[in-house]
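Need the complex rebuilt from these two chains, each delivered in its own frame; the hints are there to steer you.
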Amino acid sequence: SQTIHQWPATLVQPVGSPLSLECTVEGTSNPNLYWYRQAAGRGLQLLFYSVGIGQISSEVPQNLSASRPQDRQFILSSKKLLLSDSGFYLCAWVGLKQFFGPGTRLTVL
Amino acid sequence: GQNIDQPTEMTATEGAIVQINCTYQTSGFNGLFWYQQHAGEAPTFLSYNVLDGLEEKGRFSSFLSRSKGYSYLLLKELQMKDSASYLCAVRDPSKNYGGSQGNLIFGKGTKLSVKP
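From first to last, the protein sequence lines stand for chains G and F.
In terms of our numbering, the first sequence has 72 at position 91, counting the first letter as 1, and numbering is strictly consecutive.
In terms of our numbering, the second sequence has 43 at position 42, counting the first letter as 1, and numbering is strictly consecutive.
Keep in mind that the hints were calculated from the coordinates and are not lab data.
Don't take each hint at face value.
[As the list claims (entries may be wrong)] Facing chain F, a subset of chain G residues (Cβ under 10 Å, in silico): (1) W(-12); (2) Y15; (3) Y17; (4) G24; (5) L25; (6) L27; (7) E40; (8) V41; (9) G68; (10) F69; (11) L71; (12) K78; (13) F81; (14) G84.
Beta carbons: idealized from backbone N, C-alpha and C, even for Gly.
Looking at chain F on its own, in the form it has when it is part of the complex (with noise of 0.2 Å):
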């Protein structure tokens, strides 16, 4: 089956470092994706993960390793305004639709609470 998990909550003081892991069963893998959903607000696309390592972008980066299932997201320099819920989404090419490189299969997403 499909399955994605990552921890439900998590809370860090601003201007710190917290990873937000996740680990995942699909039936295929074409890529694994975090976004960041504000409360109220649609998701944001953050990174993007095909081959193993790791992606840096400014105070974001993210990791991805095929073999383990495993990916995380780590934000750097902690800032209020990085309170948000944070969704890992893996593209699964079995879930093929009409042409896509396949379907995102989505977490439920990790609630970030940053406190001063």
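Chain G extracted, bound-state conformation (with noise of 0.2 Å):
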């Protein structure tokens, strides 16, 4: 079965910093992965999502980026963070059903 690993778990960082997220996926090969953004009181937005390898589609413009290096390792990034940044970020794996990980807790003071 697939397991999804994300770190950091939680995350404080001031506004202007650089940020960047791991997701690792176990269990499966050439997986298609989305990065979601949870903000208070808001559902589920989908930020990004790949393919493959170096294979990335954004869904919505923003202060982020998301990048492929290796088949089941899904990055996370920005220059910059900015307050509205702050949320809960899931990784998800997506096959005939769709898997979370665990989730990192991001606070932009």
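What follows is the structure, encoded as structure tokens:
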């Protein structure tokens, strides 16, 4: 079965600082991987999806970027964080069903 | 457009039965999912319906009517640990990202509080 890892679990960063969140998947090859953000009191917002190494598509224009350097690794980044980037970031593996990683809670101060 | 509607909050009593409704309007349909999300945690998969009818899994059941754009999640013998948000999501094949069967469109979730 597939296992999704995310780190760090929590992160507090100042405005203007860089960001790197990592997601890795075990138990599957060539997975479709997604990044979501869940802001307080709001629904899940799809940020990026990737169908393979080096292949990234963005759903909404924003201050973030994503990369897929390896088959089972998906990274979310920012050069300069904004207050509005605060939220709960979830990596998801998408097959017939969709499973989420444990998430990273990011607070930008 | 895409729209998934579910009640914002519900309250129920321990041991009782609760039904959480979800209505949807999407360009296409390729399955409906229910997830449970405890506060501060990631959503966990509960159920998947692609055909009309009732799917039962222990204390949880999920129903789908494609013609009505309607689903419900039924929780029986409620326990305190069932207090959580329940997310309804529809897979829309018109939102097909690179070989997957379609992207999931999520509702905003229903926060269920179970009281003693």
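Results for each hint:
| no. | hint | result |
| --- | --- | --- |
| 1 | W(-12) | 13 Å, violated |
| 2 | Y15 | 8 Å, holds |
| 3 | Y17 | 8 Å, holds |
| 4 | G24 | 4 Å, holds |
| 5 | L25 | 4 Å, holds |
| 6 | L27 | 7 Å, holds |
| 7 | E40 | 9 Å, holds |
| 8 | V41 | 13 Å, violated |
| 9 | G68 | 13 Å, violated |
| 10 | F69 | 8 Å, holds |
| 11 | L71 | 6 Å, holds |
| 12 | K78 | 6 Å, holds |
| 13 | F81 | 4 Å, holds |
| 14 | G84 | 4 Å, holds |
Checked against the numbered hints above, the structure violates hints 1, 8 and 9; every other hint is satisfied.
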